[in-house]
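**Student:** These are the residues of each chain, in order.
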Amino acid sequence: MKVRVKAFARFREILGSDLLVDLPDGATMAAVLAALRDRAGDNGDAIFDETGALRAHVILMRNGRRVKRDDPDPLADGDEIAIFPPVAGG
Amino acid sequence: MLTERERERYSRQILLFGEEGQERLKQAKVFIAGAGGLGCPIALYLAVAGVGEIRLVDRDVVDRTNLNRQVLHWEKDLGIPKVRSAEEKLREVNPDVRIEALEATINEANVHDLAAGADLIVDAMDNFPTRYLLNREAIRSGVPLIHGAIRGFDGQVTTIVPGRTACLECIFPEAPPAEVFPVVGTTPGFIGLIQANEAIKYITGSGDLLAGRLLLWDGLAAKLETFAVERRSGCPACSREVCQ
Numbered sequence: 001m002k003v004r005v006k007a008f009a010r011f012r013e014i015l016g017s018d019l020l021v022d023l024p025d026g027a028t029m030a031a032v033l034a035a036l037r038d039r040a041g042d043n044g045d046a047i048f049d050e051t052g053a054l055r056a057h058v059i060l061m062r063n064g065r066r067v068k069r070d071d072p073d074p075l076a077d078g079d080e081i082a083i084f085p086p087v088a089g090g
Numbered sequence: 001m002l003t004e005r006e007r008e009r010y011s012r013q014i015l016l017f018g019e020e021g022q023e024r025l026k027q028a029k030v031f032i033a034g035a036g037g038l039g040c041p042i043a044l045y046l047a048v049a050g051v052g053e054i055r056l057v058d059r060d061v062v063d064r065t066n067l068n069r070q071v072l073h074w075e076k077d078l079g080i081p082k083v084r085s086a087e088e089k090l091r092e093v094n095p096d097v098r099i100e101a102l103e104a105t106i107n108e109a110n111v112h113d114l115a116a117g118a119d120l121i122v123d124a125m126d127n128f129p130t131r132y133l134l135n136r137e138a139i140r141s142g143v144p145l146i147h148g149a150i151r152g153f154d155g156q157v158t159t160i161v162p163g164r165t166a167c168l169e170c171i172f173p174e175a176p177p178a179e180v181f182p183v184v185g186t187t188p189g190f191i192g193l194i195q196a197n198e199a200i201k202y203i204t205g206s207g208d209l210l211a212g213r214l215l216l217w218d219g220l221a222a223k224l225e226t227f228a229v230e231r232r233s234g235c236p237a238c239s240r241e242v243c244q
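Protein sequences appear in the order of chains A and B.
Each residue of the first sequence is one higher than the one before, counting from 1 in this note's numbering.
Each residue of the second sequence is one higher than the one before, counting from 1 in this note's numbering.
Simulated from the structure, these hints should not be mistaken for laboratory data.
A hint or two may mislead.
What the hints assert, rightly or not - Subject to a maximum C-alpha distance of 27 angstroms in a straight line, what follows is the list of computed DSSO-like cross-link-like pairs (lysine-lysine):
# : chain 1 : residue 1 : chain 2 : residue 2
1 : B       : Lys89     : A       : Lys68
2 : B       : Lys89     : B       : Lys26
3 : B       : Lys201    : B       : Lys89
4 : A       : Lys2      : A       : Lys68
5 : B       : Lys201    : B       : Lys26
6 : B       : Lys26     : A       : Lys2
Claimed, not checked - Chain B stretches covered by chain A per the calculated footprint, using a threshold of three residues with CB under 8 angstroms from any CB of chain A:
# : segment
7 : 147-153
8 : 175-181
Heads up, the beta-carbon is just placed ideally off N, CA and C, and yes, glycines get one too.
Here chain A stands alone, though its shape is the one from the complex (with noise of 0.2 angstroms):
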């Protein structure tokens, strides 16, 4: 299956702002995030920590919605995965 995915602010900078991934039947948020991981590969610093976990301050929304890094429900063929840092100027 394939799932859109959509990136904001500097994360489209390094993954491109919008990639189609192709995912095994039944994957979840986890199986996205290590395709992105390995897309973003040495560049990946703002997204990703150290231990390749994505940092705690990004938001990840499926479909517009708000959804957990962990969320183990399985995704569907066109699902639209948004990730972006928040802004924090003024």
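Fit chain B to the known structure of chain A by using the hints.
**Tutor:** The following block gives chain B in isolation, referenced to the frame of chain A:
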């Protein structure tokens, strides 16, 4: 009651929301936390819209590095407190509104007094720890908080209505790391005006607020998206209220 001068000054927007809406703006008291990149356009547009009382709070003095975006502060204002510089321009642009300019660092001890009597709190801060204080005060006093933040060409806005929508800590439980953020002036201009627009809608009872919705602005792609945001059970800021 509106004066003749006010009826004339606001005639184009009275066409939109009537004298009743304008009267509501005149009676409104808005606390704007920050007189920087966001606070300048927010204060300017709320002043010209006729918000009766604007309380503007900031701790900084005007620095040359502010001038690419903080449009109420000019070359001649370098070194003076931002609230004084902003107050001078706001009084000149609309003598019919009251400006209360306070030079202060917003902290846990004074946030309640700074927000006292306000119908609305507008977040024009540049850091999350102070935003969390504003969020807690909004929940404590039941006053809506219009959140905005920017970096580079990117920005976000949401309107928090205590007891009804996700609060700031529901949406952003972890503060992003502090940094000297890059920014071009159009980004806080754009985001600040969305915040001012939310304030005018809230006060006049017009349209649909960004309540329970987070708006993201991507200035490089020129795209806006909104996402639904829900209250988070166990949120340390507002969950006690959720259980009631």
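**Student:** Kindly indicate which numbered hints from before are broken by the structure, ordering the numbers from low to high.
**Tutor:** Per hint list: 1 and 6 violated.
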